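Peer 1: Hey, can you work out the whole structure from these sequences and the hints?
As they're listed, the protein sequences go chains A and B.
Taken in order, the first sequence gives residues 3 to 230; the numbers are from my numbering.
Taken in order, the second sequence gives residues 3 to 230; the numbers are from my numbering.
Source of the hints: derived by calculation from the structure; they are not laboratory data.
All figures in this text were calculated on a predicted structure; none of them were measured in a lab.
A couple of the hints might just be wrong.
As the list claims (entries may be wrong) - Listed below are the simulated DSS-like cross-link pairs for lysine-lysine, each with C-alpha atoms no more than 30 Å apart in a straight line:
#1 A:LYS116 / B:LYS175
#2 A:LYS24 / B:LYS87
#3 B:LYS175 / B:LYS87
#4 B:LYS87 / A:LYS175
#5 A:LYS175 / B:LYS175
#6 B:LYS175 / A:LYS190
#7 A:LYS190 / B:LYS116
#8 A:LYS116 / B:LYS146
#9 A:LYS190 / B:LYS190
#10 B:LYS175 / A:LYS87
#11 B:LYS87 / A:LYS190
#12 B:LYS190 / A:LYS24
#13 A:LYS190 / A:LYS116
#14 B:LYS146 / A:LYS87
#15 B:LYS87 / A:LYS146
#16 A:LYS175 / B:LYS116
#17 B:LYS146 / A:LYS175
#18 A:LYS87 / B:LYS87
Protein chains: 2
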Amino acid sequence: MKRFFDSELDALRSHLVQMGEKSIEQVRLAVRAVVEGDPELARQVRAGDDVLDRLEVLIDEEGVRYMSLRNPVATDLRLVVVGMKAGHDLERVGDEANNIAKRALRLAGEAPLKPFVILPRMAAIAQEMLRDALDCFLQHDNDKALAVIRRDQEVDDLHRELYRELSIFMAEKPDTISRALELMFISKSIERIADHATNIAEEMVYLAKGEDIRHVDELKKGPRPAQE
Amino acid sequence: MKRFFDSELDALRSHLVQMGEKSIEQVRLAVRAVVEGDPELARQVRAGDDVLDRLEVLIDEEGVRYMSLRNPVATDLRLVVVGMKAGHDLERVGDEANNIAKRALRLAGEAPLKPFVILPRMAAIAQEMLRDALDCFLQHDNDKALAVIRRDQEVDDLHRELYRELSIFMAEKPDTISRALELMFISKSIERIADHATNIAEEMVYLAKGEDIRHVDELKKGPRPAQE
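Peer 2: Next up, the structure:
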């Protein structure tokens, strides 16, 4: 897989690293905007989203150009394809950060339902998963990729816990419904961000092992419970 | 773009058509399971999801093999990359159908909040969008692709309408909260299915025009309203 890191692919690789850094930063700021009720931070996230959009287009262009000019062999080809797919996942992470920021704007100025505990924990794990997923792409660290895949369950469990907690709030105090709904969808966005990190890690394991482990549920901790 | 339809790529093309048919069928059955409160249909959807997972893996394999053996030029290369991306979108459509089916199982046996009107309309539009997105891939029909992209707004508007309607239900009758939440997330899933159809159409326009129209919001009817 060394060829990917040749100078010809430096641009693609460095754009992917940039996308990773930027998307993690967007998630961090968007969740801070929610927790601190800071509309200025939310607006910053919304303004920053087009950077990710442009980087994704660049990565696609660079990938297609490289494949077309260099006719790489199967392994290198897969690496470029995985890089392009990772770029797509990171762009979607940016979209979710943007969605969180929109909701942060609507929540700003409203009294918080209670101190934020689960949401920042979920967000911290999701950011770590993104960072680790990118690291395993850059360092070809397969164990790290498997660890990312396993952590997805933690975020799913926290999402379910928060969903239950917010449902109870809504039933007990109907005046909290609109705020609780915003928080539920923010939680859903974070859960999806963790899914994108998992996708990237799965693609990396696929690349490293030459086998496809996407859709192999045994890797995760048992079957997922039905309740969201 | 003719070369893509050469016998060598017949398998990839036919797998993509199969994926399209299957994913539309999964959405249709999942929404019927909700509307008719039929757990049997929901279980059918859940059992059918792995077909889509397997087809996506096949399409990726066929794409990489073709690119590696044939060293296609840029346009053909892009066509294969777009085919692989469409496969990924259709697999995610299957995931959303699966999520809808899970929620249909939880709703089965519960009294419906009111007759289903908006949800089946949203689902019908999303299915048409998927079909049209695939057709424009198979027939290189650029106008059809642009029409798909424009229709996304219809689904977004219906989603927002239903969200508002369900929020009011929840506030007025707290005993409807758990059912209303299930319906809100089902609506969100359908909205995402329409997004995936839009992604496929955008990729096709990009391919046909040789330019990237993803993230060009002017194509859509003005800026999106903030309320979800």
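Peer 1: Which numbered hints does this structure break?
Peer 2: 3, 4, 8, 10 and 17
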